[in-house]
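A.B. asks: The task is to assemble the complex, starting from two chains supplied on their own in separate frames and drawing on the hints.
Okay, here's what each chain looks like letter by letter:
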Amino acid sequence: MRNRVIICEASEMIAIGLAEIIDSMAQFDVVARLDSPEHLSEKITSSDANLLIVDPMLLGFHNKDFLSQLGKEHPQVIMIALVTSYLDHSMLTPYSGFIEINDTRSKIISKMDEFVQSETTKNTDDVELSKRETDVLVAVAKGMMNKEIADQMNISIHTVISHRKNITRKTGIKSVSGLTVYALLNNLIDEKDLI
Amino acid sequence: MSQKKTSFSKDTKFAELMTEDRRLLQLLPRFGIGLGFGDRNVEQVCQMNQVNTELFLIICEIYSDSTFVPGKSELRHIDMGNLLSYLKASHQYYLEERFPHIEEHLQRIIEACGPKFGPMLSHFYDEYKQEVMRHIQYYEEEVVFPYIEALLKGQRTESYKIDEFEHNHTNIQDCLDDMMNILLKYLPGEFLPKERIEISYDIMELSDDLSRHSLIEERILIPFVESLENAQP
Numbered sequence: 001m002r003n004r005v006i007i008c009e010a011s012e013m014i015a016i017g018l019a020e021i022i023d024s025m026a027q028f029d030v031v032a033r034l035d036s037p038e039h040l041s042e043k044i045t046s047s048d049a050n051l052l053i054v055d056p057m058l059l060g061f062h063n064k065d066f067l068s069q070l071g072k073e074h075p076q077v078i079m080i081a082l083v084t085s086y087l088d089h090s091m092l093t094p095y096s097g098f099i100e101i102n103d104t105r106s107k108i109i110s111k112m113d114e115f116v117q118s119e120t121t122k123n124t125d126d127v128e129l130s131k132r133e134t135d136v137l138v139a140v141a142k143g144m145m146n147k148e149i150a151d152q153m154n155i156s157i158h159t160v161i162s163h164r165k166n167i168t169r170k171t172g173i174k175s176v177s178g179l180t181v182y183a184l185l186n187n188l189i190d191e192k193d194l195i
Numbered sequence: 001m002s003q004k005k006t007s008f009s010k011d012t013k014f015a016e017l018m019t020e021d022r023r024l025l026q027l028l029p030r031f032g033i034g035l036g037f038g039d040r041n042v043e044q045v046c047q048m049n050q051v052n053t054e055l056f057l058i059i060c061e062i063y064s065d066s067t068f069v070p071g072k073s074e075l076r077h078i079d080m081g082n083l084l085s086y087l088k089a090s091h092q093y094y095l096e097e098r099f100p101h102i103e104e105h106l107q108r109i110i111e112a113c114g115p116k117f118g119p120m121l122s123h124f125y126d127e128y129k130q131e132v133m134r135h136i137q138y139y140e141e142e143v144v145f146p147y148i149e150a151l152l153k154g155q156r157t158e159s160y161k162i163d164e165f166e167h168n169h170t171n172i173q174d175c176l177d178d179m180m181n182i183l184l185k186y187l188p189g190e191f192l193p194k195e196r197i198e199i200s201y202d203i204m205e206l207s208d209d210l211s212r213h214s215l216i217e218e219r220i221l222i223p224f225v226e227s228l229e230n231a232q233p
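Respectively, the protein sequence lines represent chains A and B.
When the letters of the first sequence are read in order and numbered with this note's numbering, they come out as residues 1 to 195.
When the letters of the second sequence are read in order and numbered with this note's numbering, they come out as residues 1 to 233.
Looking at chain B on its own, in the form it has when it is part of the complex (with noise of 0.2 Å):
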């Protein structure tokens, strides 16, 4: 585990910040960040994109090392607006490009398993399919951020809190897991081992960005919506 204290400021060059970890390339499209940003600093290339550039630092952390865990000081300073349109920019993602890209595989694995596996398999994907649309698309953007924009806005409302959030994407990591083992360990070695692999990296990484979307919203998110609760109307 990583105790190193990572040394992203706003001063870093940007593209010595996309070096030093590749994952957080896939942060770009999310921010609205587009290529092309020579060799200005993380602080020029926040502002021209109209990047809160405290909100991206902060990110970029969480991504990079699981154990940050973002102070007080550190929160004051960022764009809510901004960050739940990176939140729904990062679900689009999800279910506009990597779900459906998993499923194309998996759809070609479940038809060379034949009669016998294959309904189970496209049984099992559906049901856990629909578990992700409901938390991201009927929970999160119909329930939640509604409510946190309208909170935004001064408008306070008494049917929900943010302390009732669900930590539903643990449940949605643990079903990749499982149809990780699955593909892996479980399924005959005969149907399309090749395709099996390649999914494989497809789901883990899946898997990891995930993960770190959950401690975004729960080191970010409900610490700065608590703050906005408690505010004096």
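Looking at chain A on its own, in the form it has when it is part of the complex (with noise of 0.2 Å):
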């Protein structure tokens, strides 16, 4: 699945290099760039991020709870600091890693590999599909669209696809055709329900 990126950076020279670089790599998609962390959270729900680059000089002081507010609202994303002058390291804290403004283009995307690769493994506690994430699967592998599992549950369809992503990250399972297997395999469904 390819991984969406939100950078937050006031300098436009420095935010269009990144995203630049970032761009060329298969798994990443640069899908906004913000100069101003005004209207963040709004941004990371309509562009469906799941990871967010932002330099902590923009957040000033209310680094840390602004933070904490926002990954309360989006739990999915990676929140990773982008390093563009001296900071205190304890600035960093909050975020999972971070870019400095004088890393080489293959640093960078070895990072970005880094990033997305240890918040997979960080997760894998969890195996369990709950009982909403079933039902989603089993409307998935029945070939539904987002759109009709979203009114037939009556749920946005953005809860939707965060149902999809957990239930991607719990099985391993990425293609509809493969959790149809999936879903015929654990009798969540049966032949006959197949068109």
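Hints were generated in silico from the structure; no laboratory data involved.
You may find that some hints are simply not true.
Cut-off 27 Å, straight-line C-alpha distance, at most; resulting in silico cross-link-like pairs (DSS-like, lysine-lysine) [unchecked claim]:
{"id": "1", "chain 1": "B", "residue 1": "Lys185", "chain 2": "A", "residue 2": "Lys165"}
{"id": "2", "chain 1": "B", "residue 1": "Lys72", "chain 2": "A", "residue 2": "Lys111"}
{"id": "3", "chain 1": "B", "residue 1": "Lys185", "chain 2": "A", "residue 2": "Lys170"}
{"id": "4", "chain 1": "A", "residue 1": "Lys142", "chain 2": "B", "residue 2": "Lys116"}
{"id": "5", "chain 1": "A", "residue 1": "Lys131", "chain 2": "B", "residue 2": "Lys185"}
{"id": "6", "chain 1": "A", "residue 1": "Lys192", "chain 2": "B", "residue 2": "Lys185"}
{"id": "7", "chain 1": "A", "residue 1": "Lys147", "chain 2": "A", "residue 2": "Lys43"}
{"id": "8", "chain 1": "A", "residue 1": "Lys142", "chain 2": "B", "residue 2": "Lys185"}
{"id": "9", "chain 1": "A", "residue 1": "Lys192", "chain 2": "B", "residue 2": "Lys194"}
{"id": "10", "chain 1": "B", "residue 1": "Lys116", "chain 2": "B", "residue 2": "Lys194"}
{"id": "11", "chain 1": "A", "residue 1": "Lys111", "chain 2": "A", "residue 2": "Lys147"}
{"id": "12", "chain 1": "A", "residue 1": "Lys107", "chain 2": "B", "residue 2": "Lys194"}
{"id": "13", "chain 1": "A", "residue 1": "Lys131", "chain 2": "B", "residue 2": "Lys116"}
{"id": "14", "chain 1": "B", "residue 1": "Lys194", "chain 2": "A", "residue 2": "Lys174"}
{"id": "15", "chain 1": "A", "residue 1": "Lys174", "chain 2": "B", "residue 2": "Lys129"}
{"id": "16", "chain 1": "A", "residue 1": "Lys170", "chain 2": "B", "residue 2": "Lys194"}
{"id": "17", "chain 1": "B", "residue 1": "Lys185", "chain 2": "A", "residue 2": "Lys107"}
{"id": "18", "chain 1": "A", "residue 1": "Lys192", "chain 2": "A", "residue 2": "Lys111"}
{"id": "19", "chain 1": "A", "residue 1": "Lys72", "chain 2": "A", "residue 2": "Lys142"}
{"id": "20", "chain 1": "A", "residue 1": "Lys170", "chain 2": "B", "residue 2": "Lys129"}
{"id": "21", "chain 1": "A", "residue 1": "Lys174", "chain 2": "B", "residue 2": "Lys116"}
{"id": "22", "chain 1": "B", "residue 1": "Lys88", "chain 2": "A", "residue 2": "Lys192"}
{"id": "23", "chain 1": "B", "residue 1": "Lys129", "chain 2": "A", "residue 2": "Lys142"}
{"id": "24", "chain 1": "B", "residue 1": "Lys185", "chain 2": "A", "residue 2": "Lys174"}
{"id": "25", "chain 1": "A", "residue 1": "Lys170", "chain 2": "B", "residue 2": "Lys116"}
Every beta carbon over 10 Å from chain B, so not counted as near; a handful from chain A, in silico [unchecked claim]:
{"id": "26", "residue": "Met13"}
{"id": "27", "residue": "Leu34"}
{"id": "28", "residue": "Val83"}
{"id": "29", "residue": "Lys142"}
{"id": "30", "residue": "Ser162"}
{"id": "31", "residue": "Glu191"}
We put the CB at the ideal spot given by N, CA and C, even for glycine.
C.D. replies: Right, here's the structure in full:
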């Protein structure tokens, strides 16, 4: 699954340069660039991002509070600091990692790979699908689209997407046809349910 | 992740390069480079086989270090005709050798699984294969490559631009990974375990190879074609 990245950085020059490097990677898409943290939370929701690269200097003294609030609203987002000037190392503690202004292209690429890898291994503890996730899985396996599932279960598309992400994380299966096989193997659906 | 600066150069002994990273061996048939290269260096072997040395070295770098991104100045010296025939030879290798090989194993597993699990496994694979064929044969070979070949001859069309390129190899890889998970984690243990372990090696290798293949398209093919498109006619 491709990673969706938001860059939040005041310097357009730095933001564009970093976006160019990240976009050159197969697994990453930069979905938005913001020059201030003002509408960050809404942007994460609307662009369905899972990785945020933000300059801690932009957040100022409220760095920690802001991030912990953001983390609560968007538990799926990995937060990375973009260090563009000297700053106290304690400011970096809320982040999963950091990129520095003088990192080379290949260093940035290898760091990006590590960020998403460490995040997937971190979450391997809970492997059981919840009841809701199982319902979504069955619907996906039957060939329903996200919109249909959302309408049927009376939840938002965003919630459907987040369930689907968890299903993939827990089962290790990404494609719809793979999920169908998984559902059949685990007797969650019957072959008769399929068209 | 590697931070090493690879020391591949045109003066490196060819045999040394091949032992440095064994995955590079599979590149030889795709470039049409025969064995028996003796103690010749990379440049000599490439010249003997009419292979563009710069292109060969860049592809070797990408194979042994996935973080390697060639710069514009390095791309300037590559031969596009060479790259296209390399990519076509890779496609042929996947379609005519790797997939049939995996299929043969899979067929035995499908039979062993019986009527309860066999058909769904077979259906999953068929659907996947159709997707692969569509991307490689009907899209890349019939749309993208002819477009590039025309561009090289100086013919310009407005019907297609390289920035529409479908990055579909990630889907192809995702499905391979799914197949691995199904074979190892979810299919009941009693059906041909040995065969399933063996096929997993093949799938992992193919998945790895395909990921390098898409890096080559993304970091060499696309930037190069973009520069062709932007060049004044």
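A.B. asks: Could you grab the alpha-carbon distance between B:Lys185 and A:Lys107 and see if it respects the 27 Å cut-off?
C.D. replies: Answer violated: B:Lys185 to A:Lys107 is near 34 Å, above 27 Å.
A.B. asks: Between the alpha carbons of B:Lys129 and A:Lys142, is the straight-line distance 27 Å or under?
C.D. replies: Since the Cα atoms of B:Lys129 and A:Lys142 sit roughly 20 Å apart, the hinted pair holds (cutoff 27 Å).
A.B. asks: Would the pair A:Lys192 and A:Lys111 pass a check requiring their Cα atoms to be no farther apart than 27 Å?
C.D. replies: It is violated: about 47 Å lies between the C-alpha atoms, which goes past 27 Å.
A.B. asks: Take the C-alpha atoms of A:Lys131 and B:Lys185, compute the straight-line distance between them, and say whether it is at most 27 Å.
C.D. replies: Holds. A:Lys131 to B:Lys185 sits at ~21 Å (cutoff 27 Å).
A.B. asks: Looking at A:Glu191 again, its CB stays over 10 Å from all of chain B?
C.D. replies: 7 Å, violated
A.B. asks: Beyond 10 Å from every Cβ of chain B: is that where the Cβ of A:Leu34 lies?
C.D. replies: 24 Å, holds
A.B. asks: Against the 27 Å threshold, does the CA-CA distance of B:Lys185 and A:Lys165 hold or violate the hint?
C.D. replies: Answer holds: B:Lys185 to A:Lys165 is near 19 Å, not above 27 Å.
A.B. asks: CA of A:Lys107 to CA of B:Lys194, is that 27 Å or under?
C.D. replies: At roughly 40 Å apart (the allowed maximum being 27 Å), B:Lys194 and A:Lys107 break the hint.
A.B. asks: Does B:Lys129 sit within 27 Å of A:Lys170, going by the straight-line distance between their CA atoms?
C.D. replies: 25 Å, holds
A.B. asks: Given the hint that A:Lys170 pairs with B:Lys194, does the C-alpha gap stay at or below 27 Å?
C.D. replies: 26 Å, holds
A.B. asks: Please work out if A:Lys142 and B:Lys116 have their alpha carbons no farther apart than 27 Å.
C.D. replies: 18 Å, holds
A.B. asks: Next pair to validate is B:Lys185 with A:Lys174; report whether the Cα-Cα distance is within 27 Å.
C.D. replies: With Cα atoms ~14 Å apart, B:Lys185 and A:Lys174 stay inside 27 Å; holds.
In terms of the numbered hints stated before, the structure departs from hints 9, 11, 12, 17, 18, 19, 22 and 31, listed from lowest to highest.
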